[in-house]
Structure formats: structure tokens, C-alpha cells
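Top line first, the protein sequences correspond to chains A and B. Just add 5 to wherever you are in the first sequence, counting from 1, and you've got this note's numbering. Just add 5 to wherever you are in the second sequence, counting from 1, and you've got this note's numbering.
Hints listed in this document are in silico derivations from the structure and should not be mistaken for laboratory results. Any given hint could be a false lead.
Treat identical chains as interchangeable: a pair holds within one or across any two.
Within a straight-line C-alpha distance of at most 25 Å, the following computed SDA-like cross-link-like pairs (lysine to any residue) qualify [said to hold, decoys possible]:
1. K272 - Y202
2. K111 - R240
3. K272 - D133
4. K272 - R248
5. K249 - D212
6. K111 - A11
7. K111 - T99
8. K205 - V251
9. K249 - N124
10. K228 - T99
11. K272 - Q66
12. K249 - D154
13. K111 - R131
14. K272 - M259
15. K272 - G117
16. K272 - F46
17. K249 - G144
18. K249 - S49
19. K205 - N258
20. K272 - Y59
21. K205 - Q192
Protein chains: 2
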Amino acid sequence: MPSQRAVFFVSDGTGITAETLGQTLLTQFDGVAFQTTTLPFINSPDRARQTVDYINHMAEQSGARPLIFSTTVNDEIRSILRGAQGMFLDLFDTFVHSIEQELVLKSTHAQGRAHGRNNQQRYNSRIDAMNYAMEHDDGQSTRDLSRADLILVAPSRCGKTPTTLYLALQHGIFACNVPLTVDDLEQQRMPSVLDGYDGKLFGLTSDPERLSQVRTERRPGSKYASLAQCAYEVRQAEQLYARKGVPFVNSANMSIEEIATVAMQEKGLRKATF
Amino acid sequence: MPSQRAVFFVSDGTGITAETLGQTLLTQFDGVAFQTTTLPFINSPDRARQTVDYINHMAEQSGARPLIFSTTVNDEIRSILRGAQGMFLDLFDTFVHSIEQELVLKSTHAQGRAHGRNNQQRYNSRIDAMNYAMEHDDGQSTRDLSRADLILVAPSRCGKTPTTLYLALQHGIFACNVPLTVDDLEQQRMPSVLDGYDGKLFGLTSDPERLSQVRTERRPGSKYASLAQCAYEVRQAEQLYARKGVPFVNSANMSIEEIATVAMQEKGLRKATF
Chain A
6 MPSQRAVFFV SDGTGITAET LGQTLLTQFD GVAFQTTTLP FINSPDRARQ
56 TVDYINHMAE QSGARPLIFS TTVNDEIRSI LRGAQGMFLD LFDTFVHSIE
106 QELVLKSTHA QGRAHGRNNQ QRYNSRIDAM NYAMEHDDGQ STRDLSRADL
156 ILVAPSRCGK TPTTLYLALQ HGIFACNVPL TVDDLEQQRM PSVLDGYDGK
206 LFGLTSDPER LSQVRTERRP GSKYASLAQC AYEVRQAEQL YARKGVPFVN
256 SANMSIEEIA TVAMQEKGLR KATF
Chain B
6 MPSQRAVFFV SDGTGITAET LGQTLLTQFD GVAFQTTTLP FINSPDRARQ
56 TVDYINHMAE QSGARPLIFS TTVNDEIRSI LRGAQGMFLD LFDTFVHSIE
106 QELVLKSTHA QGRAHGRNNQ QRYNSRIDAM NYAMEHDDGQ STRDLSRADL
156 ILVAPSRCGK TPTTLYLALQ HGIFACNVPL TVDDLEQQRM PSVLDGYDGK
206 LFGLTSDPER LSQVRTERRP GSKYASLAQC AYEVRQAEQL YARKGVPFVN
256 SANMSIEEIA TVAMQEKGLR KATF
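So here's chain A without its partners, still in its complex pose:
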């Protein structure tokens, strides 16, 4: 049995940064079962004291010293949290002071900024992008394709929809997706609604076995889910992408984050000023 360790992500905001930072670090350690708890909105001394009591209580029960990842920015709150019986890993103290020196600028110590609504313009663009993705999912609407930053094309069930929504929600990218039908694949043509948008296209493909498995969950025993059909569609899609010069990736072993990253990189969509 692996050893166990309690982990707390403590934040004055949503806790997303503390989770992301902490979980990334924990993926570097095999053989330990981490029990993680996120404690968001710890934005007053009272809540900080309750947090310390809670962590100490859990630490006593587990017998091992917990890891505490903190992104709280308020000095008083942080000094209360440091009293907890655990290993305190502090994003703010670790990095902010050296950045202050580099920029010759004091930090604001403003709470809850990282995932709040402080950048209204960027926030609205994410919501608009999500609405766009929902309206244009799976070729439902072909209006406004000119507004798309990126158009994903692929045979059914290669990961178009989750990747599109992720691009919208996480990055505010206007993405839509259009399926390649069996007729498109057979005749080696892109759907005609995509005429004139060659530069926006990004293709997905998969492994026949993986695709067959995913399609079987949806329609067991169908020709659609058969290994032969999946192998045919994958082969035809890859040939079509090559003929048309459409960049593509095989999504079989990739996460949506990885697929999105490759697509954004290919289209130069990940620069920002704020």
C-alpha cells in the first residue's frame, strides 16, 4: 500500500492557481497517495484561523505532516496560515519579492485577482467564445465561420467538441468544429462550407482501435463503431489532410490540453498582452 499524505490548497480566491501549482508538483512523485483538499476564499483573519484549526485537526488524525500550498497575498492572513502544522509552500513569498525587485515596483497585494473578473474584456471574450463554440458545435451552424480563429475538422469522435470548448473557456479562442462525413472522406474533399477558410483548418485523427472503442460506447455493434470502418476513416482523413496541406495531430493519446496547445501553436494563437 502506498504511503498517504494530506495536501491542502489554500487561497484567498478560487484556489485554482494553488491547485494547478500543487498538482503539477505532486505528479512528480510516484508511490504516495495524496488526499487533496482545496480551501478557497480564505480572505480574512478569522477564516485563516479556522483553516489552521482544520488543517491541524486533519494532521493529527493522519499522523503525517500535511503539505500546504498557499497563494494568499495578504501578509496578516499568510502569517496566521504559517502557524499550521504542516509544510508551508508559499507562492507569494517565494516569487513576488524577487519580481518586485526586478520591476522596481511594489505589488498590490490585491486579493482574488487571478481568476476573478478584473479583466472584463478578456472575461467577456471567453464567454463569447463559449457561446460561439456551443452554437457552432459539430457543424450545427455555418454562419459566421469568418469569425473563427480556428476550425477543427475530423471524423466523428476524434475529440473535436471537448477541444473546441476548452479553447473557448480557457483561452477565449473562437473555435468551431465541422465533422468530416463518410462522403467527404470517400471523395477526398473538405465540406464545401469550409471553402475559403483553408488557413483556419486544423485536423484531428485517432488510432483505429481507440476510435472504435470510443464509438462502441455510443453505438455498440454498429458498422460505425467497427474497427474496419474506423481504420478506413482514419486512413482517408490523414490522406485528405496531407492532400490539402491541413496540419493535424493524432489525438488518441493526447489530452484536450495537449491537442489545444498544438493547435494554438500551429496557428500562432497564444500571445497575449495584459
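Assemble chain B onto chain A, guided by the hints.
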């Protein structure tokens, strides 16, 4: 004009952790325009050397020392990157060694783990949750409501859909959403499909002005978008939530991350073991 500073997020994987960490820290500094560039998949010495050349080239053009947030785990790659002309902020070196000491365990130095597909079970649950959210958006389907971890209810355009999708994609939470119609609000009742699911409900409301603004974008000049109608619906919704004991938040000034965080906390949905 604010001063400018180039910022690079360098990663052997998707770059999401480096971006999250770096952007969180940068929100603490007002009065500087940060130009950010994410450089993902820097997973070989060759790519690391190209990255150094690129950063140095950009640094020369801008005249100010760039900030470089790195999450790369490979020692050789990291030592090449440290040669870039910038301030090197290193997640790995900063935290991993002290965690190794705490756990009495060597880290794996495995690349690309944070947002890859290494935890297949968790990954599948996110995709299943997203499919569930899509199928159940806006009360489209009321099958399988028993499978939901959380059911969002609200008048039209209070933020149900983006919050639901975010909960699915980011946290693998099975969430669906059901609109409160004008009839429901008038008669102070929950939609009958929700009978028996009281414990899963979480309500959203908004400010009349904000709601009217959002609805006006969709249907300008309509009764639906009028301030009077929005004020009525908000008042009735809040009264209904109170009568039924449904926890709720006013989403008018909250990000989807904040709404999701409050909802998860209310329902105890954010503990994990991995």
C-alpha cells in the same frame, strides 16, 4: 504610457502550469504592460537552445530584461534555459527539492505529466462529464438527472451554461442546468423534473441591470430584455430559492471560476485522491 515587459512561459508540456503561476503573479503588478508568450513542449536540449536564442533575440529588441517562468523538469534542459538573458523563475528547482526532503522520496523528473493523459480515469471522467453537460444543457434532456453531482437552476442568461461546462472540463463534475421559466418564477415552484433532487440544486441570480444588458445583446428591445422583466425575474428567483432552501449566488460580478468554486464548496465536491 505604462512600461512594457516581455514574459515567457516555458514548459516541457502544455505550458498551462507556467501560465497559471506566472499570470497569477503578474496580476499583483499594476502599471506594467506584460507581453506574454507561451513556449510549450520544450522537451529536448535542441528546443531549449532554440528557446534561449528566441528569448535573447526578443530581449535585445525590447531593451528590458524578460521574465521567464519555467516548469521544465529535466535538469539538462533547465540548465540550458537558465542561460537566457532574463529573470529565471523556476517552479521545479524552487519547490521540488524541499518536497523531496519532506517526503523522503526522489521525484521522477517525468516530463509532460501535469496536463497529459497519465491519469486515464480522471481524464475519462472529465470527457464523460463534458458530454453529460452538453446533452443536458438548458434542460434539453432530463434523463439521468440522478447521475448529476450538481444541478444549476436560474432564469435565462445568469451564467448556467458556461459554469456547467467549466465544472465538467476543469473538475470532471457531472453538472447539468435547468432554466427557471417565467411560469416557474410566477408560481414559485421548481420545474417538476427536479422533484427528488433538492439536495443537488444550486441557484444563480444576477443584478437586474447586468441581466438586462446581457439579454439585450441577444434580443434587443424585447420584453425579455427589459429592466422591469429582469428585475421581476431576479426578485422571484431569489424568493423561490429562499422558500425552497436552495443555496445560491449572485453571478453579476463573478467569474465562472468563482461561481463554480462556490457551488463546489456548497456541495462538498472538491476533494480528490490521486
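Hint check results:
1. In this assembly of identical chains, K272 and Y202 lie within 25 Å of each other by CA distance solely inside one copy; the values are 13 Å within and 45 Å between copies.
2. Taking the shortest Cα distances, K111 and R240 never come within 25 Å of each other, neither inside one copy (57 Å) nor across copies (43 Å).
3. For the homomeric pair K272 and D133, the shortest alpha-carbon distance inside one copy (20 Å) is at most 25 Å, but the shortest distance between copies (28 Å) is not.
4. Taking CA atoms no more than 25 Å apart as the test, K272 paired with R248 passes inside one copy only; the shortest distance there is 19 Å, against 51 Å between copies.
5. Taking CA atoms no more than 25 Å apart as the test, K249 paired with D212 passes inside one copy only; the shortest distance there is 21 Å, against 50 Å between copies.
6. Taking the shortest Cα distances, K111 and A11 sit within 25 Å of each other only across copies (18 Å), while inside one copy they are farther apart (34 Å).
7. Taking the shortest alpha-carbon separations for K111 and T99, both the intra-copy value of 15 Å and the inter-copy value of 22 Å come in at or below 25 Å.
8. With identical chains, the CA atoms of K205 and V251 are at most 25 Å apart within one copy only, with a shortest distance of 9 Å there and 45 Å across copies.
9. Proximity of K249 and N124 under a CA criterion of 25 Å is satisfied in neither setting, with 39 Å inside one chain copy and 35 Å between copies.
10. For the homomeric pair K228 and T99, neither the shortest alpha-carbon distance inside one copy (57 Å) nor that between copies (53 Å) is at most 25 Å.
11. Proximity of K272 to Q66 under the C-alpha cut-off of 25 Å is restricted to the inter-copy arrangement: shortest distance 23 Å between copies versus 51 Å within a copy.
12. For a Cα distance limit of 25 Å, the shortest separation of K249 from D154 inside one copy, 19 Å, qualifies, whereas the shortest one across copies, 44 Å, does not.
13. For a Cα distance limit of 25 Å, the shortest separation of K111 from R131 qualifies neither inside one copy, at 30 Å, nor across copies, at 40 Å.
14. Within a single copy, K272 and M259 get their C-alpha atoms as close as 18 Å, which meets the 25 Å cut-off; across copies the closest is 31 Å, which misses it.
15. For the identical chains of this complex, K272 and G117 are inter-copy neighbours only, at 21 Å across copies versus 32 Å inside a copy, given an alpha-carbon limit of 25 Å.
16. Proximity of K272 to F46 under the C-alpha cut-off of 25 Å is restricted to the inter-copy arrangement: shortest distance 15 Å between copies versus 37 Å within a copy.
17. Taking the shortest Cα distances, K249 and G144 sit within 25 Å of each other inside one copy (20 Å), while across copies they are farther apart (40 Å).
18. Proximity of K249 and S49 under a CA criterion of 25 Å is satisfied in neither setting, with 58 Å inside one chain copy and 30 Å between copies.
19. When the C-alpha separation of K205 and N258 is checked against a cutoff of 25 Å, the pair qualifies only within one copy, where the shortest distance is 24 Å, while the shortest distance between copies is 34 Å.
20. In this homomeric assembly, K272 and Y59 come within 25 Å of each other (Cα to Cα) only across copies, at 18 Å, whereas the closest approach inside a single copy is 47 Å.
21. With identical chains, the CA atoms of K205 and Q192 are at most 25 Å apart within one copy only, with a shortest distance of 21 Å there and 49 Å across copies.
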